[in-house]
Amino acid sequence: MAVESDELQQYYAELACDGGFEARCHMELPERSLVGARIVNVGCRRGKGTYKLSEQVGEGGFVVGVDWNEAFVEAARAGVPRALERSGLSRCNMAFRVGFPEDLAAAGLEEGWADFVYLNSSLSLFASPARALRECGRVLAPGGVLLAEVPVAEPNGKGRAGDADFAVDASRAAVVEAARALPNAVQAAPTFEELLAWLATAGFSEPVIRSERPLSPEEGSAPDRPVPTVPGDDATYRLLSLEGAR
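Quick note on numbering: UniProt numbering labels position 153 of the sequence shown as 153, and the sequence is numbered without any gaps.
No lab work stands behind these hints: they were computed from the structure. Glycine included, every Cβ here is placed at the ideal spot set by N, Cα and C. There could be a bad hint or two in this list.
[To be verified] FRET-style restraints, in silico, Cβ to Cβ:
#1 169 - 92: 44 to 52 Å
#2 77 - 13: 14 to 22 Å
#3 218 - 106: 30 to 38 Å
#4 82 - 208: 29 to 37 Å
#5 60 - 108: 31 to 39 Å
#6 88 - 201: 35 to 43 Å
#7 169 - 78: 44 to 52 Å
#8 29 - 105: 36 to 44 Å
#9 60 - 86: 14 to 22 Å
#10 9 - 141: 23 to 31 Å
#11 169 - 85: 32 to 40 Å
#12 87 - 170: 29 to 37 Å
#13 234 - 58: 44 to 52 Å
#14 78 - 108: 31 to 39 Å
[Claimed, not checked] Taking lysine to aspartate or glutamate pairs in the EDC-like style, the calculated list, with each CA pair at most 16 Å apart, reads:
#15 48 - 85
#16 52 - 31
#17 48 - 31
Let's have the full structure, built from the sequences with the hints guiding it.
If you want it as structure tokens, here you go:
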């Protein structure tokens, strides 16, 4: 799906994203060393995850946090001195830029720059998740790795394969549309098969699932603001922590 810049601007301006599941920063990192790596953190929010990644890459690496919300980016930048003080790093190894997940080039990210791209659990609320994954692939160097935490839906609770019946598909599409409008990042989740298709189209190998756990639609609640849910949804959900090589 092609999405023009003005459409992206309008979509993200209307997306309520301060709180809820998509704002959490669980960030399950791989066991491999990230020292010296160059990483892009897409949807960095107020910077907490980027600060954590900067500690992992050390002074020889660099992390770029990208978010569409200018206020969040400014808050993230303001927190850099304190983050460096906590980590004990002698030089700044991070930067924050305003940009859309579907257009990382506009945020100054060149093709093949990154060793890793980290995506938090907000993928399902992006204007175009498939295009965002293609952008993640574009900025990765050959052999680079996508690190992602992604909710997936299991229609009718029947496992990853779900049910191919058209009526079920139509029902699922209606839930996703309603969930994106709320927004509820859990109920807006793709099926596992949809996620695999997006990744394959973006040029990633079949992902390695490092861990997974059940999710409930209500789990998106923030301490100060419960996230609304779409009624009548019989799907079950899981949060996958995965790696996909470019």
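Hint check:
1. 169 - 92: 44 to 52 Å: 48 Å Cβ-Cβ, so the 44 to 52 Å window holds.
2. 77 - 13: 14 to 22 Å: For residue 77 and residue 13 the Cβ distance comes to about 21 Å; the hint holds.
3. 218 - 106: 30 to 38 Å: 35 Å, holds
4. 82 - 208: 29 to 37 Å: Given a distance of about 35 Å, which is inside 29 to 37 Å, the answer is holds.
5. 60 - 108: 31 to 39 Å: Given range 31 to 39 Å: violated, Cβ gap about 21 Å.
6. 88 - 201: 35 to 43 Å: Because 42 Å falls inside the window, the suggested range holds.
7. 169 - 78: 44 to 52 Å: 45 Å, holds
8. 29 - 105: 36 to 44 Å: At 26 Å between Cβs, range violated.
9. 60 - 86: 14 to 22 Å: 19 Å, holds
10. 9 - 141: 23 to 31 Å: 29 Å Cβ-Cβ, so the 23 to 31 Å window holds.
11. 169 - 85: 32 to 40 Å: 52 Å Cβ-Cβ, so the 32 to 40 Å window is violated.
12. 87 - 170: 29 to 37 Å: 50 Å, violated
13. 234 - 58: 44 to 52 Å: 47 Å, holds
14. 78 - 108: 31 to 39 Å: 20 Å, violated
15. 48 - 85: 14 Å, holds
16. 52 - 31: Judged against 16 Å, a Cα distance of about 14 Å means the pair holds.
17. 48 - 31: Roughly 20 Å separates the two Cα atoms, so the pair is violated.
The structure does not agree with the numbered hints 5, 8, 11, 12, 14, 17 stated previously, though it agrees with the rest.
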